[in-house]
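K.L.:
Take a look at the letters that make up each chain.
There are 2 protein chains.
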Amino acid sequence: MADCPFCPGNEAKTPPETYRVERHGAWQVRVVPNKFAALDAGAELTRRHDGLKRTISGAGIHEVIIETPDHRRTLPLLSELDFAEVLDTYQRRYNAITADPRVAHATLFKNHGERAGTSLEHPHAQIVGTPIIPPQVRDRMENALRFYDETGECIFCSLMADELLDGVRIVAQSKDFVAFIPFAALTPFHLWIYPLRHTASFSDATQEQLADLARLLRTVLRKVYFGLKNPDYNLSIRTPPHEARGLRYYHWYLSVIPRVTRIAGFEIGSGMFINTALPEKSAEFLRCAPAEPS
Amino acid sequence: MADCPFCPGNEAKTPPETYRVERHGAWQVRVVPNKFAALDAGAELTRRHDGLKRTISGAGIHEVIIETPDHRRTLPLLSELDFAEVLDTYQRRYNAITADPRVAHATLFKNHGERAGTSLEHPHAQIVGTPIIPPQVRDRMENALRFYDETGECIFCSLMADELLDGVRIVAQSKDFVAFIPFAALTPFHLWIYPLRHTASFSDATQEQLADLARLLRTVLRKVYFGLKNPDYNLSIRTPPHEARGLRYYHWYLSVIPRVTRIAGFEIGSGMFINTALPEKSAEFLRCAPAEPS
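Protein chains in written order, with this note's numbering: chain A, 2 to 295; chain B, 2 to 295.
Here chain A stands alone, though its shape is the one from the complex:
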């Protein structure tokens, strides 16, 4: 595409790349700073307190991961090999960005389609290293810690054990990961993918586990693509701050959120969600959905 900054031939339209995967002399995956970055990679970290008003400088890193040179080949349609390179790149950039001393936490996400907030159609993900830990992450950690203190168990492991026992909300499983629709899913077809063995941080996943996850995630995204007819979706890696690697009470996972309903006044006004789909039915639908074109 002549006017797409992520297409081959237009490399000069992006800031200089920070990472690339090459194959046969051409790039397969390419990482560049976001041209319209939410944070400033050159800024110094400063904080100011003035009573209730708290300010922190916008120091941080905001990169774009261009997942394929092919403008039209959306993530689930990549080959197994190419898909694995994307996940490997996710982890490499996660590790690189969290190594910056100004970065307290990195959020890795993907917006697919207009309802999911994409402005550029070319397949890409984003990673934002912020100078603060998102309150949402802190809340999850506090709740997980409280559960651990009361029971001696990781709440994520405990929840996953229930899901595996029940079985009815499982969508797919591999050697090291399980994909399911949680018992209290917030929205229809909201998927979680958990590592089966307790692992606190995304950066703790081994090369072998990542390759296994690539196969499972590709299968799940293909079921969503063929079964739900290419819906808009958000994908996000839920992991604690990098300093929290090795925690016994926290467990990283991946969320896939098809945007089939809208966030409206009730959700904004209450923070709760009305889900019109039964998780068991949605899981059954995706379990039976084809991972190949019919």
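Mixed in with the good hints, there may be bad ones.
As the list makes no split between identical chains, a pair holds if one copy fits it or if it spans any two.
Computed cross-link-like contacts, DSSO-like style, restricted to lysine-lysine with a CA-CA straight-line distance of at most 27 angstroms [said to hold, decoys possible]:
#	residue 1	residue 2
1	282	54
2	230	282
3	230	54
4	36	14
These are computed hints drawn from the structure, not numbers from a lab.
Please arrange chain B on chain A, whose structure you already have, making use of the hints.
P.N.:
Just chain B, lined up with the frame of chain A:
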């Protein structure tokens, strides 16, 4: 409109009304149960705990407040008198619904426009009485309580005092209320309207205060309507559970959230928001925006 269930003449298309304001023998405001209610007004309240899995029956009340018989007359274009009737109805239904012993909390909100999640164009608000207190409300209460224990002050009063002192984020003020864009607004033109005198619950607002609020809110919504060219928006009343009336540490308020940006992967993945507009500039814009057609 022949096919609009909220237009005069189609009253039979809604469930039997629970409240109406009449004028000259016709209804001006009409309240009906939501035909596609999120909760069941006839259900018994039951709870079940099975380890991490918690279930509560969907007992509760979900009503629609039809704000005007005129399909095309959006809320800010109502006369002062009609607007005041709407706010009065909000409070009456809030009081009626929270009196139901199964209702732990009532969320009152309005979706205007497709991006805000409206499916029906005819001006209306909704009120949902849920059998649980939304975690978002509990979180706000916990934080407010901690602040009160540390300082002896209501955090909302304290924040408002800062805003009044700074002045630069104030949009409009009346005898009893102030409308401002908060220092750390989550999205562009995100407005808060606070009662100036400490009041815990929406149901504690007097008739006189509600009449004053009606005038101010109408002015603010007209500034949004004429200044931002009728954007989609959500409106929501933030109030603690009904049992929390009279609290010294909590303070009700009203949020107006123009939907000029989208909630995408970063917001979903981190719970934080990227606001591309400076609150001071947005406030200045709305302060100067006309409340009358130009």
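K.L.:
Decide, hint by hint, whether the structure agrees.
P.N.:
Hints, one by one, checked against the model:
no.: 1; hint: 282 <-> 54; in the structure: between (47 angstroms within a copy, 18 angstroms between copies)
no.: 2; hint: 230 <-> 282; in the structure: within (17 angstroms within a copy, 42 angstroms between copies)
no.: 3; hint: 230 <-> 54; in the structure: neither (46 angstroms within a copy, 31 angstroms between copies)
no.: 4; hint: 36 <-> 14; in the structure: within (9 angstroms within a copy, 52 angstroms between copies)
Checked against the numbered hints above, the structure breaks only hint 3 and satisfies the rest.
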